Structure formats: structure tokens, C-alpha cells
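Trainee: Below are the chains, spelled out letter by letter.
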Amino acid sequence: MAADQVTPAAVEARGWGWRHASRIAWALSDVSFRIDPGERVLVLGASGAGKSTLLHGLAGVLGGEEEGESAGDLLVDGAPAVATRGRAGLVLQDPDSQVILARAGDDVAFGCENLGVPRAEIWPRVESALDAVGLDVRLDHPTKALSGGQKQRLALAGMLAMRPGLVLLDEPTANLDPAGVVEVRDAVERMLQAQPATLIVVEHRLEVWLPLITRVIVIGAGGVVADGAPAEVLGAQGAQLAADGVWVPGHAPAAPPPPRGLPGESLLSARDLSVARVKGRPVATGIDLDVHAGQALAITGPNGAGKSTLGLTLAGLLPPAAGGLTAATLLAGDAGPSPIRWTSRDLLTRIGMVFQEPEHQLLAKTVRDELAVGPRALGMTEDEIAVCSEELLARLRLSHLAAANPYTLSGGEKRRLTVAAAIATRPRVLVLDEPTFGQDARTWAELVAMLAVLRDEGSAIVTITHDLDVARALHADRFELGGAP
Amino acid sequence: MSTSTSTSASAKTQADAPARSFLRWRIVDIVVASVIGVAAGLIFLAWNVGYLGPKALLEPLLPGIQGLLDGPWLFAGVLGGLIIRKAGAAIYVELLAAVVSALIGNQWGGFLTLEAGLVQGLGAELIFLLFFYRRWSLPVAILAGAGAALAGGINNLILWYAGSGPAFTTIYLISTVISGAVIAGALSWVLARGIAATGALDRFGSGREARVRV
Amino acid sequence: MTLLDTQARTGALAGVNPVAKLGVSALIAVPLILTLDPVSASVALGLEFVLFLFAGIGWREFWVRTWPVWLAAPLTGLTIALYGQTSGEVYVDWFVLRISEGSLALALATMLRVLAIALPSVVLFITVDPTDLADGLGQILRLPARFVLGALAGLRMVGLFLDDWRALELARRARGVADRGRIRRFLGMAFALLVLSIRRGAKLATAMEARGFGAPGRRTWARESRFGAAEWMLLAVGAAISGIAIAAAVATGAWNFILGPAG
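Protein chains in written order, with the numbering used here: chain A, 1 to 485; chain B, 486 to 699; chain C, 700 to 962.
The shape of chain A in the complex, shown without the other chains (with noise of 0.2 Å):
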């Protein structure tokens, strides 16, 4: 059907490595391998060995002398790779970050655009790029109305549409649930059928990937640390792995001891509940449940049903769209039965909220005043500030860090804090929106061990997430939010 089949690229690195100009250390160093073209590759290594900056250095979009040092060759068909655009193709993980234009069709042609495309080429190779990733949507469907899922299978298809010999694929499953997981490597799988290219891959998921690639490849401090087929390298550095927080097939990462006790008298219950974001627009209804001292429960489901819109709803910050969500005397105290009435210093100390993003939840300049933030909004005194601040700190494995901005923090080290700020105030009831999500196995294992601590303290964990592991890992009760109310 193409009328220029386009072959894979051969890969080859020599002794390189990169040093962004903002640290000191390098991000890499010494990294030797070669990869024949139409090979599958797998990339593994512990969180900051600076895998994702190698694809980026092979996509040639890590920047010019002004952002950075390299040392060593990294060639694409025997040129480097800066200089080759176009021939490699790059998918990140962020869906929100990588669409580009606001209608599918225009967003999948963009790249084709760029690269001089002849305008009556260009249609047909968009027609067949959303082919090839099996995304069904006319070409003028809005980009923002799209499922996670979507948009990265679009990225793919906007990827595919330029031909590339080499696609690099950067952690695309890490910010999905499991249904969009599954979307996306079917969708390469088809792709890689309808046009044969080299594929290079980093996550730290394996199993779903594992039937699709041939070989493995570990980077890890001074360079590559193994190369091979999967099942040697995995049987050789398996352990090894799991421990840096790889999610290797069979070193499941250890789970918390069950609780200790009975559940508790129930703090939250909820009767008959509607929740809605946009008033007037319930997205779930009919909700009854009861959050009860010392358990967890787990809100599970599919996209799309509420789940987010149901954690904040019960943890007093959206109103109810209908029915009744009270809170237990045990729980308020004197403020109230009804948590979307209390004062915000009120939830501190009864409801606390750990968002999806840890982003939007940061508000001070450093680490420390980060937690100090709730105990000073209550009035505790600043030598009682400075214990806590410290207890959590070391708790949470923060204390190296105290003094950093915590935007600068990584992935794992931000949601550290933002749950850490949440408990700081000792709430009785910690509702988290996907805590899990993205992170690697060793964090995985941190945040469990932790919610389990909580739980067998007193505290009701609510945890809205996708990962049945979760719930468990901490023996939490299920409540299964359905599709379409």
C-alpha cells in the first residue's frame, strides 16, 4: 500500500553519554551497544539511570551545546542521531503534554508537515496512521475529548504517519489505567506489523511488553550492565531489578502484613449519593457506603465513572449532587455532619486529600515548609512544627531533601511529600486518588507499607485507584463504581 517501504534503522552507541547542563553528575555515561535494524529492544534500570534521556538523545531532541555535554557517538544508520530528525520516532509519556492540534486529523498530519510531505500524500498516510493504531475517529474529533488511551495511540499514529525506521517509546503506558495499557501495546503491536521498524522501549512494567520484544538491554551507573534476550538477563539480574523498582515478572514486590484488628465504628457514611463536578450533572448515583475507622477501602472502576469526582466528594471538598454524606460525630466533632460545611482548618484534621497530581497540591518553597504548611494553618506552635516537620521527614525518607524546592523533586519523591503533608495534621480518614499510579515498584512497596501503618493505627484509608494490587496489598473492602449510571 505505501509506495516507499520504509526499512529499520540500525542502532548503534559507542562509549556515550550526556550531562545536562543544570547538574553536575552525568546522566550517563559510557553506554556501548548495537542494534540490528527490525530489532525489539527493552531498556530497563533503576528510576534516574537516564534511560529516557538516551531515547531522547537518539530522537535528537535533547538540546545543542547550550543545554548539555556529550561525550562517546550515538549513530542512527551510521549518522548521529541530532542530526537524523525525522527518522526516529519519539512517544513520551504524558498524553496531556503531546497533542498538539486541536483536531485529530490535523494532529496526526503535523509531523508530516514538518518534514515536507507533499499535501496530497499527506491524507492517506494519516488515514492509514490511525488505521494501523486502531483508533476509530473522524478526523476532525476534538483532541481534548479523547481518553488517555487515545491520546497516546494518536501520538502513536502521528509518529507512524512520518515513516520513522527507529520508534522510541518513552514509559507510553505509565499514565494509564490497565484498559488503555492494553490499547496501546496491541496498538504497536499492529503497527509494528503494517510497517516493520526498530523498536526501542523503556518502561517498568514488564509483563506487557515482554511477549513483544527481543531483546533486553540494562543501563544502570557506568554504563550498560546487560544485554541480552529477556529470559537471561531476567533470570541473571532479576533480583537486582525488582530492587532498583523494576515490576519484574516474579519478584512481586512485598506486600504489608494484614491488619491486625477488627474494623472500626464507621466515620463517613454515605447515603443515596450523587456526585458531580459541574452542577446539575451527576456522574455516578445510588452510592451507599460506609468508611469505617481502622480499614481501607478501595474505589474501584472503570475511566469515566466518577471515581475522582466520589473521593472528593467524600472528602468534603465538592458538594453532594443529591443524597447524604454524613460525617460521624467521632469523626466532626463540634463542626457538623456535613464535611463539604466545614471550614478548610476543619479538614485538617478529619479529612485529608491526597491528589492525583502531586502538583497541584504544592504550596511552599521548600520541602519543610511544605509539611509545615498544616500544622501551621492550626496553630501549632514552630517548635512543635520543627518535631513533626522532622518525624515526617525521616519517616518518609525526605530528609536529604528538606531544603529543596519541591517542584525539583522526582516523580516518587513528590508523591512521598504530598502524602506526608496530608498526614501531617493526623487526619482520621486519608482519601488518596491514585496513589500508585506511574510510580515504580520500590515506591509502590513505600506507599503500601505506609497505608498499612495508617490503617492499623486507627486511621480509614480510602484509596480510589485502578491497581487491584493495591487493594490487596492492604486487605481493603471493594466498592466497584459502575459505568454509566
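Simulated from the structure, these hints should not be mistaken for lab results. You can take every hint at face value.
Result set (BS3-like, lysine-lysine): computed pairs, CA atoms no more than 30 Å apart in a straight line:
| id | chain 1 | residue 1 | chain 2 | residue 2 |
| --- | --- | --- | --- | --- |
| 1 | A | 144 | A | 414 |
| 2 | A | 144 | A | 279 |
| 3 | A | 414 | A | 365 |
| 4 | A | 144 | C | 902 |
| 5 | C | 902 | A | 414 |
| 6 | A | 365 | C | 902 |
Covered stretches of chain A, going by a simulated chain C footprint (3 or more residues, C-beta under 8 Å):
| id | region |
| --- | --- |
| 7 | 92-100 |
| 8 | 340-346 |
Being a predicted model, the structure only gives us computed values, none of them experimental. Don't be surprised by glycine CBs; every beta carbon is placed ideally from N, CA and C.
Keeping the supplied structure of chain A fixed, place chains B and C upon it in accordance with the hints.
Mentor: Then chains B and C, alone, in the frame of chain A:
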């Protein structure tokens, strides 16, 4: 002694001495400048409505004193220049902010809003040019804010206040320059530093300068 | 401008190239700016209302979009009335305030002028799709594609701003700081929004570069931007409106060049 060999084969990056880097706009420069411009445009829109109250209060006190309220419309160019640090950044960001505020509808008519944006951006740009696009300190920012205010003030006098007397004209110009220097100049500088501290500007010179290397 | 929604617009103006609409806005504004008199402004305003009938927007939307204009025009006029150039009989003279026959006349003229210039711009731009505008600017006016498309990409962030803002508000309530200090909180939220947007922008820039944006070589356009009969006709209509308005002002002797002697 550096042991690295650069893999950037493209001749153009080698030919550009660092001193001339203020001329070449990278894609990240353009997109981030656009984001700042759009955000500033939204602030302009809010201020388009918000300034009416203070204006009604200030006007009867002294003719022309409403120039003090001009600052919020002038900061886009200064902030853009301080963050992006390329030639034309001030004009581009101020113009884009004006485009956004014009397109969502405001009371001065699309075309003239754009023209005002262009003039105000030019005022700030000229100051940055005077310092050869190398000095981005607080005094420079203040001067750029004042420059934008002066240009915009003269523009407003010709277009909107054409029928006004000398008292009005003088007081207006003085008050708008003060507003520009403080709000558009000094506050923009503080804001740029605050944003740089979050690490959001690591790909820019302004970001790397403000942060300690980790 | 359909920044916040992508509803398809109907009406004769909807399909016209946005560059032409930009041109009309300029054609109406520039001549009217040169003079400060009630005749040219009111004639232009009258002719514009005829144009609005073809714009394809409902009355309700017209008022929703243009209310700031209707509010600001009299206020600007008020400024001139109170502090404008004095001439003719003086009605009020108190401290620096001076209302005179001349200043009232200038006030009326100013008010009409604001309406005559602003209203068509607002109405025209309601029917503009940002991507089409970018195509037009790049293909017809030949502005550099990097800037036009980079700006368009940045512009698209507006929609995301709203979602982020709501989340930021709720987060502050959850952290215990939403009870007092509204201004401080607003500024904090605005700062957070700016930081979030800049980060997202930097990521978007990488994504665009990964699709070959900014690479050397010629760029093609997938959507053709045409400038044909309909566009020229709209420009002619715009020129006619300002032409007739100016002619009326000169004919009645009301022409008052702003840079000329006061009168």
C-alpha cells in the same frame, strides 16, 4: 580540560558563538514564550474587568492618575524577556498576550489591542537591546517596565485620550511609568526568579543561573 | 475566538479566511482612529450593525461577548468629558475637573468611536478557529511557521488551564489554607498555574521537536488556506464602511484629525 567530543554534527550550532545565542530561538523558547504569553493574556482579560473599579475610584481624585493601573498590562513583555532571553522575546510575548486578550473579546477592539501590545512590547524590547541582551538584573527589569509603560502611555494618549488637557497628560505619563517600573518591572523580576527556583526553567539560561547545580 | 469550544459556526462569515477578518478589523479601525468626531463613528457603527446580521451569531451571544465594550465605551467617554480639552461654554469647573461643551462633544465622539472599532472586531473573531488562523498567517501572510505554530500550541493550553485552576482551588481547601487571605491565595494559585503550564510547555516543545518541528528544510501545509473572492469581498466591505464613514465626516465638516490642531 574537557574530554568530551561533541556529537552535534550540524554546522550551525558550532558556528554560533555563545555570544550570539540570543538571536536563535529554539522550539522550547517559542513554545514556553507562547505559554507565558497566553497566561499573561488571561491575566490581561481579568484585569480588563478588574481595573474598572479602581479606575472609577481613582479618576475623580486626579486626572490621569489612572495610569497607575496600567502596570498589569505591561508585565508580559518584561517577563518574557527575562525568562526567554532572546531578541524579540519581549515583543513576542506582549503581542501574543494582546492577541489572546483581543480574541476572547475586549473593549478596545482587536486590532488596536494588538497595536498596543506591539508598542508596549517594543518599549521593553528597546531597553533589553540597549543592554545588548546580556544584562537581566533587577535595575534592567525596572527600566524595561518603565520603557514599556512610556511607549504604551504615549500610544494611549494619541489613540484614546486625544482630547485631553496638559494636566491629564503629564500626570498620566508619570503615573503609568511608575506603575510600569514597579509592577511590570520589579514584580516580573521577582516572578521570574520564583519560577526559576522551581526548576521549570532548567532548559533556559535564566533557570540555570538561578538554581544551584545539583 | 473559539478558544474554549470548537463549535462549528454557521453564517456567511464563518467560512471566510481569518486573515481576511483580521484585515477587515484593521481597515475599519485605522481610518476611524485618525479622526475624533461623532459623524464618522456613528455612520460606521450603523453600517456595522448591518454586517453583524450576516455574522451568524445569536443576539444572546452577541451581548454576552460584547458587554465589556458596552461598559467601557461610556466610561472612556466619561474620562474625556471630565478632563478633556476645554472649549465652548464651561459647565463645571472644580479643581482639575472641567466639563465643557467641547469636552462633552469629544466624549460622545470617543464613546461612539470605541463602539465602532471594538464591536466588529469582537464579532468577527468569535467565528475564528485558531488552527485556521495559524494556517492563514503561515500560508498567506508568510509569517515564520515556527512562531505561528509554536504560538498555536501554546494557545491550546488555555483549555487545560481551567481544569488545573479548579484542581488548585480544591487542593488549597484540602490543605487548610482556603479560609482566609483570598488575594494571597489567588496569587499563589496563579504562580502554581504558571509553573505547571511552563513545564507542560517544555514537554510539548520536546514532543513537537520529536515530530520534526523546527528541523531544517521546507515545511508543507496539510490544510490549504485560500484567499479568494469571498475574502476580497469582505475586505471591500470593510473598506467601504470606513470609506463611507470618512466621507460622511468630511462632507459634513465634522472631520477632526487627531494629530491636527484641536477643534
